[in-house]
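Number of protein chains: 2
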Amino acid sequence: MKKLLDALRQIVGATHVLSEGDLSAWELDWRKRSRGKALAVVRPRTTAEVAAVVKICVEAGISLVPQGGNTGLVGGSTPDESGRQIVLSLQRMNAVRAIDAANLTMTVEAGCILQTLQESAEKAGFLFPLSLAAEGSCTIGGNLGSNAGGTQVVRYGNARDLCLGLEVVTAQGEVWEGLSGLRKDNTGYDLRDLFIGSEGTLGIITAATMKLYPMPAAQLTAWAAVPSIDEAVTLLGLAHRHLGAGLTGFEVMGQFALSLVAQHFPQQRVPLYLDTPYCVLLENSDHESESHAREQFERLLEIAMEEGCVTDAVVAENLQQAHQLWHVRESIPLAQAEEGLNIKHDISVPVSLIPEFVRVTDQLLANNIPGVRLVNFGHLGDGNLHYNVQAPAGGDAATFLREQEENVNAIVYDSVQKFGGSISAEHGVGSLKVGKLEKHKSPVALGMMRAIKQALDPQNLMNPGRVLRA
Amino acid sequence: MKKLLDALRQIVGATHVLSEGDLSAWELDWRKRSRGKALAVVRPRTTAEVAAVVKICVEAGISLVPQGGNTGLVGGSTPDESGRQIVLSLQRMNAVRAIDAANLTMTVEAGCILQTLQESAEKAGFLFPLSLAAEGSCTIGGNLGSNAGGTQVVRYGNARDLCLGLEVVTAQGEVWEGLSGLRKDNTGYDLRDLFIGSEGTLGIITAATMKLYPMPAAQLTAWAAVPSIDEAVTLLGLAHRHLGAGLTGFEVMGQFALSLVAQHFPQQRVPLYLDTPYCVLLENSDHESESHAREQFERLLEIAMEEGCVTDAVVAENLQQAHQLWHVRESIPLAQAEEGLNIKHDISVPVSLIPEFVRVTDQLLANNIPGVRLVNFGHLGDGNLHYNVQAPAGGDAATFLREQEENVNAIVYDSVQKFGGSISAEHGVGSLKVGKLEKHKSPVALGMMRAIKQALDPQNLMNPGRVLRA
Numbered sequence: 000m001k002k003l004l005d006a007l008r009q010i011v012g013a014t015h016v017l018s019e020g021d022l023s024a025w026e027l028d029w030r031k032r033s034r035g036k037a038l039a040v041v042r043p044r045t046t047a048e049v050a051a052v053v054k055i056c057v058e059a060g061i062s063l064v065p066q067g068g069n070t071g072l073v074g075g076s077t078p079d080e081s082g083r084q085i086v087l088s089l090q091r092m093n094a095v096r097a098i099d100a101a102n103l104t105m106t107v108e109a110g111c112i113l114q115t116l117q118e119s120a121e122k123a124g125f126l127f128p129l130s131l132a133a134e135g136s137c138t139i140g141g142n143l144g145s146n147a148g149g150t151q152v153v154r155y156g157n158a159r160d161l162c163l164g165l166e167v168v169t170a171q172g173e174v175w176e177g178l179s180g181l182r183k184d185n186t187g188y189d190l191r192d193l194f195i196g197s198e199g200t201l202g203i204i205t206a207a208t209m210k211l212y213p214m215p216a217a218q219l220t221a222w223a224a225v226p227s228i229d230e231a232v233t234l235l236g237l238a239h240r241h242l243g244a245g246l247t248g249f250e251v252m253g254q255f256a257l258s259l260v261a262q263h264f265p266q267q268r269v270p271l272y273l274d275t276p277y278c279v280l281l282e283n284s285d286h287e288s289e290s291h292a293r294e295q296f297e298r299l300l301e302i303a304m305e306e307g308c309v310t311d312a313v314v315a316e317n318l319q320q321a322h323q324l325w326h327v328r329e330s331i332p333l334a335q336a337e338e339g340l341n342i343k344h345d346i347s348v349p350v351s352l353i354p355e356f357v358r359v360t361d362q363l364l365a366n367n368i369p370g371v372r373l374v375n376f377g378h379l380g381d382g383n384l385h386y387n388v389q390a391p392a393g394g395d396a397a398t399f400l401r402e403q404e405e406n407v408n409a410i411v412y413d414s415v416q417k418f419g420g421s422i423s424a425e426h427g428v429g430s431l432k433v434g435k436l437e438k439h440k441s442p443v444a445l446g447m448m449r450a451i452k453q454a455l456d457p458q459n460l461m462n463p464g465r466v467l468r469a
Numbered sequence: 000m001k002k003l004l005d006a007l008r009q010i011v012g013a014t015h016v017l018s019e020g021d022l023s024a025w026e027l028d029w030r031k032r033s034r035g036k037a038l039a040v041v042r043p044r045t046t047a048e049v050a051a052v053v054k055i056c057v058e059a060g061i062s063l064v065p066q067g068g069n070t071g072l073v074g075g076s077t078p079d080e081s082g083r084q085i086v087l088s089l090q091r092m093n094a095v096r097a098i099d100a101a102n103l104t105m106t107v108e109a110g111c112i113l114q115t116l117q118e119s120a121e122k123a124g125f126l127f128p129l130s131l132a133a134e135g136s137c138t139i140g141g142n143l144g145s146n147a148g149g150t151q152v153v154r155y156g157n158a159r160d161l162c163l164g165l166e167v168v169t170a171q172g173e174v175w176e177g178l179s180g181l182r183k184d185n186t187g188y189d190l191r192d193l194f195i196g197s198e199g200t201l202g203i204i205t206a207a208t209m210k211l212y213p214m215p216a217a218q219l220t221a222w223a224a225v226p227s228i229d230e231a232v233t234l235l236g237l238a239h240r241h242l243g244a245g246l247t248g249f250e251v252m253g254q255f256a257l258s259l260v261a262q263h264f265p266q267q268r269v270p271l272y273l274d275t276p277y278c279v280l281l282e283n284s285d286h287e288s289e290s291h292a293r294e295q296f297e298r299l300l301e302i303a304m305e306e307g308c309v310t311d312a313v314v315a316e317n318l319q320q321a322h323q324l325w326h327v328r329e330s331i332p333l334a335q336a337e338e339g340l341n342i343k344h345d346i347s348v349p350v351s352l353i354p355e356f357v358r359v360t361d362q363l364l365a366n367n368i369p370g371v372r373l374v375n376f377g378h379l380g381d382g383n384l385h386y387n388v389q390a391p392a393g394g395d396a397a398t399f400l401r402e403q404e405e406n407v408n409a410i411v412y413d414s415v416q417k418f419g420g421s422i423s424a425e426h427g428v429g430s431l432k433v434g435k436l437e438k439h440k441s442p443v444a445l446g447m448m449r450a451i452k453q454a455l456d457p458q459n460l461m462n463p464g465r466v467l468r469a
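Chains as they are written, first to last, in numbering that gives the first Met the number 0: chain A, 0 to 469; chain B, 0 to 469.
Don't take every hint at face value.
Remember, identical chains collapse to one label, so a pair may be satisfied in a single copy or spanning two.
Result set (SDA-like, lysine to any residue): computed pairs, CA atoms no more than 20 Å apart in a straight line [stated by the list, open to error]:
1) K122 to R240
2) K438 to G464
3) K417 to D99
4) K54 to P442
5) K440 to E176
6) K435 to L352
7) K440 to G172
8) K54 to N408
To be clear, the hints were calculated from the coordinates, so they are not data collected in a lab.
Produce the entire structure from the sequences given, and follow the hints as far as they go.
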């Protein structure tokens, strides 16, 4: 191993091969559920360095775990406990290589922080719409590796939909120069989308060309109380019809989820509408003007009230109020944590089936665990719920987690499968859900995935054991 | 072979295995450039029948050429001349299986005509935006197999971007039930996008779940004269900024292309603006109202005139006028044909590089072939030009094609490559561009494509020789 480490030092410089001291920033996952042990953390600065690192690791039969901001939620970017894996950190590859205004594109290195993309785009007069809670520390390489979702998917799609091209170091240490500002290119198989969402198991994304959008003239936020989750779905349909592509956010939040925010963060003044089971946060982006956006929004809410799918609503008066409303939505996970550990899910079903899914699954859980509490919220516009399960009031959260996690997961995922849904809507598979994927994914699909993995990474050295069992 | 044909008759019924008489509807490609000879044309009605057909063909070592409307432009859906390939026609699988209004999706079989999708969507109150010249006879399976583009890509993307899930019969005759109405699903490799655009070389798409959009309240069309192609790109930027997602079409047409329409179809009253080298057709779709759309459009054109990137413009007064303008644009290929055979290209480069690409390539061709005439038009909003090359005035078109095609292709494709572009933007590779792909695509990408083909279709029986050399 000393020989390998020396060779790595030759490539990236001695200070960028870390093998001693506290490496927990790279070895411990974001949710602090698994701590691995790396042979070393290697921090290349260029694509050529990444390629050279891969080549000598492949020669030595040493596997690589690519890592961006290490903010993933499924244990996909930390090493296993063997002490024989290299963590390949892309953090030093953080340049914005180019912004092409007329082409509406931006080429960035994999280690670029998501927020840097947003800010660089804004400076150039454009919007880069990908937005999620970890945006201050996650990297675009990780976003692409996991096909991150977030809050703007209803209009702009997932990370996949925002990417036009990739630069990738293959499992053989070759460089695929697939960066492209092309919106149309039908010259063979879609390698780009194969690497996006492959969680570093097929190769290493080193750079990407991403789409930019014109900066909207105004972004307004509204908060609406709805009498049921069925009516939330009706409201979504109205919003699509009346706001068109202006609808850039549509989040649903259950009353219990909101009450946790109100209880643990009383300074936030949560608009609770206590008599309604759900609230919806809507965002309307307008290329024309703020007054036009407001007029459109008010018209929508008026129609929705007439049709009975909204009982009360408010449109934020200014940016500060808008931030406040988004802040409430984003505080739900933190409020949950204050209330104690809980069992998290990141599931999706077709939007039309959300109400029935929630009714059926709520009931199954209530029957199975009397008094269980459901922290239900998420991106309803995309059919994506963070359908989280909390111990009964007064119960011990740690005990609940230990005793009930497998049981609750089984109930929720079986229900998801019955409704034609996904057990991982936006977080990916990582190491956390490998076993569950085997249970819930079609064997034909798994067979094709294995064949592709074998074809592109025959030695199984690229993030082994993630997505597919090693 | 008799045994195989009998077995096929057992599966799909004797009347749906055609092996005698005039089979040119299936054996001759749309552009009439290649006529193949099929062992038989097999027309299954169900996915199970497709799977059974594939299974016995695989057993017999007989290859399959899947075919939809047979409107492809690159010889991808007709058999070779061996008389040993089965044409698998999906035309009888033409059901609209379901429309899910709340989920904004539509599930259709592969043989559904594109226009049927558009009409079924409209009947349900929605828009299915994929639109292209062959929409009256092409099928959605073929659209997905070739990742078709068309005129609405600037807003809605290619066929790929409109698809949420697929049902596929694999090269082993298994059925992958990948139909999905999910907008977020991160459970492993993106098999959907791998099959889309693979031109039937990895398996056979039998059904798809497609996205629907709210029907716009109004669609307006404008025609603008621009003083140069550089200014057309400037106009595109202004249109993105001022119309936002309302910009659903942006086509550019060179003066010579338009003059051919005027000459060969004088009844069309082409708005020529003879003193300008290019005209642009813009479409603005509005979810609010026609008057709002018109106001937005007029504001844009006013600004564009002030900035000097438009010299003259007209907004269609009514739907009939709008159709008339689109008709002029769509008549360019027909007018070219009237003028005589020409050398066609379907290329893309980044939008920002279009003006320089056109200048450089025009000059190269003019130097190489004095008097050569360029029929330049296309989807500028996507950086996609149909950069076609016509014989010098008075020259014999057939001779020109015979003598100059290879030379002209080499000049154009080398130039495309220098500008980081694609030699097939929206038509695919088929058999026509297999050799050219080998020359212009990165060897690393080709290597990965071959590995994937080998992994999923190890016997090379799925549309062999298309995309990749057999």
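Hints, one by one, checked against the model:
no., hint, in the structure
1, K122 to R240, "between (32 Å within a copy, 15 Å between copies)"
2, K438 to G464, "within (16 Å within a copy, 37 Å between copies)"
3, K417 to D99, "between (45 Å within a copy, 17 Å between copies)"
4, K54 to P442, "between (33 Å within a copy, 18 Å between copies)"
5, K440 to E176, "between (32 Å within a copy, 10 Å between copies)"
6, K435 to L352, "neither (22 Å within a copy, 47 Å between copies)"
7, K440 to G172, "between (31 Å within a copy, 19 Å between copies)"
8, K54 to N408, "neither (40 Å within a copy, 38 Å between copies)"
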